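Trainee: Now for the letters of each chain:
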Amino acid sequence: MIESLLPILAGTLAAATPLIFAGLGELVVERSGVINLGVEGMMLIGAIAGFAGAAQTGYGAAIGLPLGALAGAAASMIFAFFALSLAANQAACGLALTIFGVGLSAFVGQHYVSYSLPGLQPLAIPLLSDIPLVGPVLFRQDWVVYLSLFSFAGVAWTLSKTRLGLLLKAVGESPEAAHAIGYPVLGIRYGAVAFGGAMAGIAGAYLSTVYTPLWVQNMSAGRGWIAVALVVFATWKPGRLMLGAYLFGAVTILQFHAQGLGISVPVQLLAALPYAATVVVLVLISRDRKLLQLNLPASLGKTFLP
Amino acid sequence: MHLLEPRAQPSQLMRWTAPLWAILAMLLTGSLLFWMLGKPPLESFQVFFIEPLTSSYGWSELLIKASPLILIAEGLAIGFKARIYNIGAEGQLTMGALFAGGVAVHFDGVDAAWVLPAMVAAGALGGALWGALPALLKTRFNAEETLTTLMLGYVASFILAYMVNGPWRDPEGMNFPQSIMFGDSALFRVLMEGTRLNTSIIITLFAVLGFWLFNARSFLAYRLEVGGQAPAAARYAGFSAKQTVWFSLVMSGLMAGLAGVGEVAGPVGQLNLNISPGYGFAAIIVAYLGRLHAVGIVFASLLIALIYLGGEAAQVSLQMPAAITGIFQGMLLFFLLGADAFIDNRLRRPA
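Chains B and S, in that order, give the protein sequences. One point on numbering: in the working numbering, the residue at position 23 of the first sequence is 84, and numbering is uninterrupted. One point on numbering: in the working numbering, the residue at position 205 of the second sequence is 420, and numbering is uninterrupted.
Note that these hints are calculated values from the structure, not bench results. Everything numeric in this text was worked out from a predicted model, so none of it was measured. Hints should not be assumed to be uniformly reliable.
[What the hints assert, rightly or not] Far from chain S, by Cβ distances over 10 Å, these chain B residues were calculated:
#	residue
1	Gly215
2	Leu228
3	Ala241
4	His318
5	Leu343
[What the hints assert, rightly or not] Okay, derived cross-link-like pairs now, BS3-like style, lysine-lysine, Cα gap no bigger than 30 Å in a straight line:
#	chain 1	residue 1	chain 2	residue 2
6	B	Lys298	B	Lys222
7	B	Lys230	B	Lys351
8	B	Lys363	B	Lys351
9	B	Lys222	B	Lys363
10	B	Lys351	S	Lys457
11	B	Lys363	S	Lys457
Ideal Cβ positions, reconstructed from N, Cα and C, are used throughout, including at glycine.
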């Protein structure tokens, strides 16, 4: 029984990885008081940029991920210019970025439809990977999975233990106060949005160069939106975001193993499961109004003109 | 980095001309894009924006594409005014198509006049139900409608995929994920010989008239708008916030459902996986571009429909992917939001 669960566990880690990157990025953006609904678009732009780079150079994810990050960050700057510098409606700007990103990635990706990439070999961590049963699952993953764990540690540490984290949260709670003390509110928000874009780009590039190493139009398939929902589910806390990402990773992977587990539900309905689960999870977390109010960055989504 | 400062008085000029500035900016950026891709900008512009309008067939196609956009955007505008952001109209369209398609598949071969009206009613019901669900989740459980409407859109697309792969698949369709082609009694009648323009356009015309009257004359529309602009005032006046949520989401879902019926009982003629090229999302742009005004939406729909047609023409004449449509739509929304920023603000001047 345990043996049959191990591949599910291993797959869960991989499926959760893009959600972790995109989710952590959006979490930082929202903690600065900005809501960017363009995650899906930035992921797709990162996915095609990473894929194109990997396909052209032959270096795979090693070049694909940095390129994806750059492309995602660049795309996020369009959002930042309109939503921050021009103080336009943030939700609508994010939506525009998603529509733009879906179109742009499909446009560029036209040339790459028939390519495929070799993917990544797992990286076994010495000693730990020899632990019976769980060793091969947890410690024989590709390096990007480990990178996602380091990203989590970095974001969690920065938010809770550093001056930068404090500043970011101050800007998200009360931009007026931060501005009055003399902090560059818009500068910090620009930085947060760029970070979110880079992380979404990495998430996309992971999908296109490692997870399913080929380019398919719209291949992020709503993961960017799920990442946005995860941030709410996490009540803006990195630790809970990881929990949520693994939960969704498991739901995503379960559909491929359902038949093996003796569940006979049509594949299309199983494929709808992660999206239905997102709704359920949002409902469960939102019904506790106090919990949300307590953790919601006070200036989230509000425009700031000093 | 702060480019703007508040104006003493909102600019009336910008209030009314913002969409025009946005369109101009889109056209300029678009020409630049063509030029960067090594296509002659003027000729590309001609292919994209002028040629589709040089034949009566082109105009009929324009109306076919504008019709669903109008229907959806009229419904969305109600919610947007009340600050209820339904961004899952694509899913509500899918549900409408599915319900209507169910009637058509079930009563295939029944040559009766009630089949099409039954499909319209079923489609409206399907869309309304798919809008009612997020309304319930919002009023009962406080769940944000932006994310729930969008997620339910994905769920709807998988239900459609299941139905056309399973119970409703055309047995003679060579295993393609599609239903049977609907019979004549389940299709809108073609209005103009040689085109695909059909009688569903009449529903759209009545919808525009209805929403115009509703917005201009009804007390309910006024209450919705107060709820959006000044929630505290609305509460004080005793306007129910829950009622606003229900009405906005059910109404916009219903209209998107009608758009779905128009597609499957019109140009598509069956259930398949390509019933909409993203009308539900494009309609969000339409609603804003049309200033949430019933008649403004008609003009905005015609423009977005033209961008769809231009994308198709560019694919044929310029060997460009049709995805360029999405690029133009995204740019247009950005520019519109940017132009709107200048209604209440002006460029910061050195002190």
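Trainee: Failing hints, ascending?
Mentor: Checked against the structure, the only hint that fails is number 5, while the rest are satisfied.
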